[in-house]
Amino acid sequence: GENVEQHPSTLSVQEGDSAVIKCTYSDSASNYFPWYKQELGKRPQLIIDIRSNVGEKKDQRIAVTLNKTAKHFSLHITETQPEDSAVYFCAASKGGNKLTFGTGTQLKVEL
Amino acid sequence: EAGVVQSPRYKIIEKKQPVAFWCNPISGHNTLYWYLQNLGQGPELLIRYENEEAVDDSQLPKDRFSAERLKGVDSTLKIQPAELGDSAVYLCASSMGQGDGEQFFGPGTRLTVL
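Chains A and B, in that order, are what the protein sequence lines are. Mind the numbering: the first sequence is residues 1 to 111 in our numbering, read in order. Mind the numbering: the second sequence is residues 1 to 114 in our numbering, read in order.
Honestly, the hints are just simulated from the structure, not real lab data. Don't take each hint at face value.
Cross-link-like lysine-lysine pairs, in silico, DSS-like; alpha carbons within 27 angstroms at most [to be verified]:
1) A:K98 to A:K71
2) A:K42 to A:K57
3) B:K62 to A:K94
4) A:K98 to B:K62
5) A:K98 to B:K78
6) B:K71 to A:K98
7) A:K57 to A:K22
8) B:K78 to A:K42
9) A:K98 to A:K57
10) A:K42 to B:K11
11) A:K94 to A:K71
12) B:K62 to B:K16
Looking at chain A on its own, in the form it has when it is part of the complex:
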C-alpha cells in the first residue's frame, strides 16, 4: 500500500519567515495530494490540494509543489503569522478518495 513520509516533525519559525514542509510518497499511481491543518483539539481542515497534472498551486500565502518523478511534494507558507501555528498533515491518494496521511508537522510561529 501507499506510504507517506513527512518531515520535519516539528518546525519553529519567526513570525514573517517562511516555512516549508516536505512529504514523499511511495506509490507512483497516486495522483491527488491534499494538505490538512489541525489546530490543537480541533478537526483537520483542508488548506490546499494539488493533482498530478500540475506542478505547483498557490493560494495567497500558501503554495504546494509536486515533483512526480521524485515522488515528493512540499507545502510552502510565506509571511508566517501566529495563527499559522498548528499541525499540518500531507496525504496522498490514487483515486476513490482513499487518503494515506503523513505523520504530521507541528509548526510553531514565534513572535
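Once you have looked at the hints, place chain B on chain A.
Relative to chain A, chain B alone:
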C-alpha cells in the same frame, strides 16, 4: 450549513466494555469515512462508505470493531470489547461523490480506555 456532527465528544470506559460512536455527515455527502487518530499521528482510515455500502473496510479490526450506515446517512462505529490500545480520537469525515476531493472532518470522539 452544519458540518459533520459526532457524538459523544469524549468517552471514558473500562477495558472490555462496549462503546459506540455516532456520526451525522454533511447533507448530500454520499461518502462517509471513519478514521482513527493516535496522539501525534495522522488519521488512519478504518472504513469508507459509499451511500450505505462499505467499499473499503480492509483496515477495520473486524474481531472487535463493527460499523453501519443505515439508509446511507448517519453512521455508527462500535467497539466490543474495548482494549487499552483503543484509546485514541475517532474521526468521522464526509465528502461528495466518489472521486478525490475535500473531506470534511467532524470534531472527533476522544476515547479513553482504562
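Here is how each hint holds up against the structure:
1. A:K98 to A:K71: holds, 18 angstroms
2. A:K42 to A:K57: Given that 27 angstroms is the threshold and the Cα spacing comes to 26 angstroms, the pair holds.
3. B:K62 to A:K94: holds, 25 angstroms
4. A:K98 to B:K62: holds, 19 angstroms
5. A:K98 to B:K78: holds, 21 angstroms
6. B:K71 to A:K98: holds, 22 angstroms
7. A:K57 to A:K22: Between A:K57 and A:K22 the Cα gap is close to 15 angstroms, so the pair holds against 27 angstroms.
8. B:K78 to A:K42: Within the cut-off at roughly 23 angstroms; holds.
9. A:K98 to A:K57: Measuring from Cα to Cα gives roughly 22 angstroms; hence the hint holds.
10. A:K42 to B:K11: Holds - the C-alpha atoms of B:K11 and A:K42 are around 17 angstroms apart, at most 27 angstroms.
11. A:K94 to A:K71: Holds, because 13 angstroms separates the two Cα atoms, which is no more than 27 angstroms.
12. B:K62 to B:K16: Holds, at about 16 angstroms.
Going down the numbered hints, you'll see the structure goes against none, and every one checks out.
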